[in-house]
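Engineer: Here is what each chain is made of, one letter per residue.
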Amino acid sequence: MIQVPILLADSEPSFWLPAPVSNFAGPIDGDFYFVYWVSIFFLVLITLLLGYFMWKFRTPPGAHAQSHKDHHIVLEVVWTGIPIILSVMMFWYGYRGYVDMTVPPNESISIVAEAQKWAWNFSYASNGASIPGMSDDFNVVRAQVRAGEINAEQAEAAEAKILEKAGLHVPMGVPIDVTVMAADVLHALFIPAFRVKKDCVPGRTGKLWFIATEPGIFDLFCAEYCGQGHSWMHSKVVVHETVEEYEKWLEVAGSYDETLPFDENGKIVWKRRGCISCHSIDGSKKVGPSWDGMFGSTRKFTTTGTPGEAMADEAYIQESIRFPMKKIAEGYPPQMPVVKLTDKELLWVTEYIKSLSQNSGGTESPRKEN
Amino acid sequence: MSGDKQPQDSNQQAGHGDGHGAEHGAGHGHSPYQAHHFDTMRQQFEAGKLGMWLFLATEVLLFGGLFCFYTIYKANDPELFKWGHHFLDKRWGATNTMVLLFSSLTMALAVREAQLGRKKRIIFFLAVTFLCGAGFMGIKYVEYSKKFHEGLFPGKYFVYENVVDAEEARMHQQEQQKLAHAELDLPQASVVTEVPKAQGLVLQPATPPAGLAPVTQPDDHQTASSDGEDAGHVPGLALDPSHLPPGPRPANAHVFFSIYFCLTGLHGIHVLIGMGVMLWLMVLAMQGRFGPGYFTPVDLGGLYWHLVDLIWIYLFPLLYLVE
Amino acid sequence: MSQSETDARPDSDEVKSAAAATTSDESGPSYLTVTKTFSSWAFTLDHKRIGLMYLIGVLFMFLLGGVFALLVRTELFSPLAMITPLFADTAEAQADLYNKWFTTHGAIMVFLVIIPGVPAALGNFILPLLLGAKDVAFPRLNLGSFYLWVIGAIFFVYVLFSGGIDTGWTFYTPYSAESGTAVIPALIGVFILGFSSIFTGLNFIVTIHKMRPKGMTWFKMPLFLWATYSTAVIQVLATPVLGITLLLLILERSLGIGIFDPRNGGDPVLFQHFFWFYSHPAVYIMIVPPMGVVSELIATHSHKRIFGYTYIAFSSVAIAIFSFLVWGHHMFTSGQSTTMSIIFSGITFSVGIPSAIKVFNWLATMYKGAIVLNTAMLYGISFIFLFTIGGLTGLFLGVLSIDTHLHDTYFVVAHFHYVMMGSGLVGFIGGLHHWWPKITGKMYDEFLGRIGCILVFIGFNLTFIPQFVMGSLGMPRRYYTYADKFEVYHQLSTVGSYVMAAGFFLTAYYLIQSLISGKKAPMNPWGGNSLEWHTPSPPPLENFHTVPVATDPYDYEGLEYDPATGNYDTKRTG
Ligand code: HEA
Ligand code: HEA
Ligand code: CUA
Ligand SMILES: [Cu+2]
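Residue numbers (the working numbering), protein chains in the order written: chain A, 1 to 370; chain B, 1001 to 1323; chain C, 2001 to 2574.
Treat the hints as calculated values from the structure; they're not laboratory data.
Careful, some of the hints might be misleading.
To be verified - Pairs of lysine-lysine residues, derived as DSS-like cross-links and limited to a Cα-Cα distance of at most 30 Å, are as follows: (1) C:Lys2571 to C:Lys2442; (2) C:Lys2214 to A:Lys69; (3) A:Lys207 to C:Lys2485; (4) C:Lys2571 to A:Lys56; (5) B:Lys1074 to A:Lys207; (6) A:Lys207 to A:Lys271; (7) A:Lys271 to A:Lys354; (8) A:Lys69 to C:Lys2368; (9) A:Lys161 to C:Lys2485; (10) C:Lys2214 to B:Lys1049; (11) B:Lys1120 to B:Lys1049; (12) A:Lys56 to C:Lys2368; (13) B:Lys1147 to A:Lys326; (14) A:Lys271 to A:Lys286; (15) C:Lys2520 to C:Lys2036; (16) C:Lys2220 to B:Lys1049; (17) A:Lys354 to A:Lys326; (18) A:Lys69 to C:Lys2220; (19) A:Lys354 to A:Lys340; (20) C:Lys2571 to C:Lys2368.
When you get a sec, could you build the whole thing from the sequences and use the hints?
Structural biologist: Right under this line is the structure:
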C-alpha cells in the first residue's frame, strides 16, 4: 500500500489565512495583508475620530455648534487623493497576482477535474486513470467522528485509507495544470490552502494551476452553489513529496482489480463515479430511483423525454447511462448527468444493477446525522 | 416668491376641505384637468412629458437587453441567423414595416389635430392608427401560425423531426433529379455532426454523440410529432422542403426561433398595449376632452406609439434581412 | 400634555415672520386622521399614506426575512443537524430545506426589504415634504407601484407555501433552470417588484426635476434628495435589464429556449453578466439612499452645517455612474476573459473614492458640532463605523488575486451583510427613528431606543466578524454543514444573531408602544431645518398649511430649543 504523507507542520496557518502551501499563497497573502493594514489604518483612524467627536462634542439638546466651517478644499483633496493612490496600488498588486494565475507554465502535469452533482472526478492525463473524490466516504468519517464512534487518530487513518484510491493527488514542486469541467450545473473547485478557485461551467472548460510547496493533505471544496449536496461535495488534495511517489500511487490507484467479479467492480464504480450520490441500493428514494429491484422491472417514462414504458434490461440500463435525457423515469426529475464511463465500467455497473435485483442489500451512507 | 401661487393655493385649500386624499381633477379656478398638486398646467405637462420619456427609456432598455442577447448570439454563431432568417417571409415583414410607418404618420396627425381640438379628425386618425396596429397583428398572426404549423416553435418545443424530414425529402428529390451516385446517408451525416453541441436537448432526435456506440437506433422515437407515417415524401410533410433554407442546418437551430419569438413576441405585446391606448384616447376624444389647452394624453400616447414603431424598424432588418 | 397639545392647535403666540418657512399649526386633521375608511387608505393617492403602507409592509417583510436568518443561524450553530430535523426526515430533505431558507432569506431581504426600504418607504413620505410639494408628480403611479410591491410580496408568500425556492437569491443557471422548486413564481414576483421599483424611481426623478419650490436650486436641495435622485436613475436604467433577464429565465424553464441553459445550447455565464448588470447597481440602490439619510442625520443631530455639501452631492452621482461599470467583479472566477476581469477590477476601486469622500465629510461635519446622542444619531454613527468595515472589506474582494481566494466564502457573506444590513438597514432604521415623530406624531422612548441600538450594534458585529475570519480561512458559503474546524466561528456568529434579534425585537416593542402611549411629537423635535420640520407632526393632508419657502436646509442657527415642549422654534426676528 502506498503511504499517504502526513502533514508537515512547516507552514503554520495564521489567524486569518490557512497555511500557505502553494506558490500563490505567498503573493496572495502579501496582497491580503497590504489591503488589511490599509484597512486597519483607516478603520482605526475613523473609529478614533468618531469616538473622540462623540465624546468631545456631545451636548444636551438645544446647544449650538462651535464652528460653522463647512468646507475645506485642502482636506477634500487629501482625503480624495490618498485613497486614490492606495486604490491604484491595490489594483496593481491584485492584477499582477491574477495574471500569474492565468498562465500555466508549459511543462506541467495535466489533470482534468470534472464536477457533477455531487461528486468530483479527477482524470490524469499521464495514464488516463480516473480517480473519484469520494465525498460520501469522507462524509461517513466526519459523521463517525461527530458521533464519537471514532477518535481523531482513527479518523485520520480512515481518511488515509480512502485517499489510497481517491482524491486529487499531486506531486510537490511541479506545476499542476487542472482543467475544470462540469457535467450538470455550476460547481467550483476551491482549495483554500493553495488559494486557488475556479468555477466549473457546464459546456465549457476552465483552467487553474499551482505548484504545491508542502507535502500533506488539504481540503478541497465545492464553492459554487449546486443544490442539495453542495456542502457534501468536498474531497482532499494529497501532495506527495516526490514525483516518483506520486506516479507510483497513480499506477496502483488508477486501476480496477480486474480479477474481481463484475458486480463487485460495479459496486466500486457506483461509489467511485458518483452514482452513489443519487442512487441508493436499499430501495430508498434519492435524487434518482434506487437500483434495488430495478433490473427487470417495468419502467414508465414521463413526457419530458420519450414517453412510454419499457422493461429494464441490459440495453435499457446502458442507454439510460449513456443518454440519460432520452427516457426519464416517472416520478424523477430529468437530472441525471452524462457520466462518461469506460466500456468496462459500463459493463460492470450493469452487472451490479442486475445483481441488486436478485438480492437486495447494502448500506446507505450516513450524511449529516441527526 | 409665490405671489401668484398663494391665492391659488388657498383656493385649492378650500376646495379640499373634505378632500379624501383623492386626486381632484376639477373644481379649481383653473383648467379642470390640472391635478391638485401641480401649480400650473405647464408644470403638469412638462412633468408628464418627462415621465413618459423616462418610461420610454426603460422600454428601450428592456428591448436593449434582448438586442444584446441577439448581438451576442449572432456574433457567436452567424450561421445560425443566416440559416434561420430564410424561414421568415421578407414580404410580410416589409408590409408590416410599411403599415407601422404609416401608422406613425397618422398618429402624428392625430396629435396635431388634438392640439387644434378638431374632435372628429382626432378620432379618425386614432382609428386609422388603431387599424394599422390591428393589421400588423393580423399579419403577425399569419406568420406565427405558419411557423407553428411547421413545428418551428421556440426552444425545446422546436420539432426537429419536421426539419429533418424535410431535409431528407429535399435530398431525395435532388437525388431523383440527378439520378446519380447514391449519397443516401448524406443528410444523416449532417445531422450527426452537429448534435454534440446540443447533447441534452430533450426533443432532439436522439442522435448519440459521434464515437459512442449507440444503444438504440438514432431515430426510433420520432413518433411523437411527425404525423405523416412514412415521412420522407412531400405530401405528408409538416414542413415543405421548398421552404427550407439552402445550406446545412446549424446546431441549435431552435435558438434562432427562441430569439425570433422573444423579440417579436415582446414587441407584439407592446403593439397590443398601444392599441389599447388608442381605444382609450378615442373615448377621451369622444368626450371632447382635447383642445389647444390640453392634449397631453394624445401627445404621450403618440410618443409611445412611435417607440413601438421604432423598435420594429430595428427588428425587421435584424431578423428578416440578415444577409 | 397640555403643552404639547397646543402644538396641534392653530392659535397663539406662534405668529411667524413672513420670511421664515416655519408655519405654525393651523387646526385641522393630519393626514392620518383626515379620513378613516378602509378605502380611503386602500385607494389613497397621498404619498404619505402610501409611504406609511410601504413602511409597514417592508418592516413586516424584514421580520419574515429575519426569522429565516435566525433559522439559518440556528441550523449552523453546529455541523450536526440542529433544527431542520424538526421539519424533514432524511438528510437530503434537510439539506434542501436549509437551501430554501437561505434563498428565501436573501431574496426577501434584497427584493422586498432593502431595495424598497429607504426609497419607497421613507422616501415616499419625506421626499415631497423636503421639496415643499403637495405630492409626488404621479400619485396614481405611486399607488400603482405600491400595489405592484404588494403583488410581488404575495408571489413570494405563495412561493413559501408552495414548497419554497432553493436557487440562491442570484438564480444562477443552469441550476435555476432545473431546480424542482417554485422558481417561476419567485421570478415573476421579482419581475413585478422590479417594475414597482422602476415606477418609484421614475416618479422621483420627475418630482425632483419639476416640483422643486422656487428658490431651491439643485445645490440647495437637501442631500437626501441628491441620494434619491441618483438612486432613481439606477432604478430606471438598470432594472429593465433584470426584468428582461428574468423573463428569459422564465422562458428557459418553461420553453427551454436555449439562451441560458447549456443543455439547450445556452450560456450560463451570460446569465451572470446580465444578472449582475442589474444587481451590482442594485447594491447601490440599497446603500445610496441610506447614505442620504445619514447625511441628514449627522448634520441635524450635530446641529452643524453639513461639511462638503457639493462633494457629498457629487459623490452620490459618481457612485451611480460608476456602479454601472463594475458588475464583472462578481465573476472573477467564473471564466470570463482575463482582460475583462482586469478592467472590472480597476473600475471597482473607483467606487471606493466617492464613498471615502462621504465618510470623511460626515466625520468633518461632527467636528465641533453640538452632537446630541439620541437614538437616531447613534444609528448614524453606527452606520459610519459599519459602512467603513463593509466598504473596506469590499476592497479585498475587488483585488483580483485576493478575490480568487475569497470568492463565495463567508468573507463575502460578511462583506455584504456589513454593507446591506450594517449600513443599508441600519441607515434605514436610523431614518425611521429620525422621522418617526413626523410620520406618526409620537415620540418613542429614548432610553430603550439607545439600548436597542447598542444591542443591534454589538450583536451585529458579533455575528459577522467571525464570518470574516472563517471566510478567509476557507469556509464556503451556502453550506448546510461544514468542516469541524469552523465550528467556533459559527457558534459565535449564531450567538451574535440572537443578540441582534433581541435588539430588533426591543426596537419593535418600544416603537409599537410609542404608538399607543407615546408623547405627542412637537413640530421640530430634533432641530432640523429642512422643510419637513416646518409643518406639523404628523403633517396635514396636503403637507403644508402655508406654502413653504425654501430656505437653507442646513442652517440650524435660527432655531431655539424650548425644553418645555421639546420643540425647536424659529427665532423671532424683530
Ligand atoms: C449595499 C450593498 C453593497 C455595497 C455598498 C457594496 C460595496 C462594495 N462592494 Fe460589495 N457586494 C454586495 C453588496 C454591496 N457591496 C453584495 C450583496 C455582494 C455579494 C452578492 C452575492 O454574491 O450574493 C457583494 C460582493 C462584492 C464583490 C464580489 C465578491 C465575490 O463574490 O467574489 C466585490 C468584488 O469586488 C465587492 C466589492 C465592493 C466594493 C469595492 C464596494 C465599494 O463600494 C465600497 C466602498 C467603500 C469604502 C472603500 C469604505 C469607505 C472608504 C474609506 C474608509 C477610505 C479608505 C478607502 C480607500 C483606501 C480606497 N462586493
Ligand atoms: C438586506 C439584506 C440582508 C439582511 C438585513 C440580512 C440579515 C441577516 N442575515 Fe443575511 N443574507 C442576505 C441579505 C441580508 N441578510 C443575502 C442577500 C444573503 C445571500 C443569500 C444567498 O446566498 O442566496 C444572505 C445570507 C445569509 C447567510 C449565509 C447563508 C449561507 O450562505 O449559507 C447568513 C448566515 O449567517 C445570514 C445571516 C443573517 C442574519 C443573522 C441576519 C440578521 O441581521 C437578521 C436580524 C433580523 C431580525 C432578527 C428580524 C427582526 C425584525 C423585527 C423584530 C421586525 C420589526 C423591526 C423593527 C421595527 C425595527 N444571511
Ligand atoms: Cu458542487 Cu457546489
Ligand atoms: Cu458588486
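Engineer: Are the hints correct? Go through all of them and say.
Structural biologist: Now for the hints, and whether the structure bears them out:
Annotation: proposed proximity of Lys2571 (chain C) to Lys2442 (chain C) holds, straight-line Cα distance about 24 Å (limit 30 Å). Proposed proximity of Lys2214 (chain C) and Lys69 (chain A) is supported: the alpha carbons are some 27 Å apart, at most 30 Å. The straight-line distance between the Cα atoms of Lys207 (chain A) and Lys2485 (chain C) is roughly 29 Å, inside the 30 Å bound, and the hint therefore holds. Between Lys2571 (chain C) and Lys56 (chain A) the alpha-carbon distance is near 27 Å, which keeps this suggested pair within the 30 Å criterion.
Between Lys1074 (chain B) and Lys207 (chain A) the alpha-carbon distance is near 27 Å, which keeps this suggested pair within the 30 Å criterion. For the hint linking Lys207 (chain A) to Lys271 (chain A), the alpha-carbon distance of about 27 Å falls within 30 Å, and the restraint holds. Among the hinted pairs, Lys271 (chain A) with Lys354 (chain A) is consistent with the structure: their alpha-carbon atoms are about 16 Å apart, no more than 30 Å. Restraint check for Lys69 (chain A) and Lys2368 (chain C): satisfied, since their Cα atoms lie roughly 9 Å apart, inside the 30 Å limit.
Our distance criterion of 30 Å between C-alpha atoms is met by Lys161 (chain A) and Lys2485 (chain C), whose separation comes to about 21 Å. In summary, the hint linking Lys2214 (chain C) to Lys1049 (chain B) is supported, as the alpha carbons are separated by about 21 Å, within the 30 Å threshold. For the suggested pair Lys1120 (chain B) and Lys1049 (chain B), the alpha carbons sit about 25 Å apart, so the restraint of at most 30 Å is met. Pair hint Lys56 (chain A) plus Lys2368 (chain C) holds up; C-alpha atoms about 8 Å apart against a cutoff of 30 Å.
Our distance criterion of 30 Å between C-alpha atoms is met by Lys1147 (chain B) and Lys326 (chain A), whose separation comes to about 26 Å. A threshold of 30 Å between alpha carbons decides the hint, and for Lys271 (chain A) with Lys286 (chain A) the separation of about 15 Å falls inside it, so the pair holds. Proposed proximity of Lys2520 (chain C) and Lys2036 (chain C) is supported: the alpha carbons are some 20 Å apart, at most 30 Å. For the suggested pair Lys2220 (chain C) and Lys1049 (chain B), the alpha carbons sit about 25 Å apart, so the restraint of at most 30 Å is met.
Using a Cα cut-off of 30 Å, the hinted pair Lys354 (chain A) and Lys326 (chain A) holds, with the two alpha carbons roughly 21 Å apart. Between Lys69 (chain A) and Lys2220 (chain C), the direct Cα distance comes to roughly 17 Å. Compliance with the 30 Å bound is thereby established for this hinted pair. Between Lys354 (chain A) and Lys340 (chain A) the CA atoms are separated by roughly 20 Å; this keeps the pair inside 30 Å, and the hint holds. Between Lys2571 (chain C) and Lys2368 (chain C), the direct Cα distance comes to roughly 22 Å. Compliance with the 30 Å bound is thereby established for this hinted pair.
In this structure, none of the earlier numbered hints is contradicted; all agree with it.
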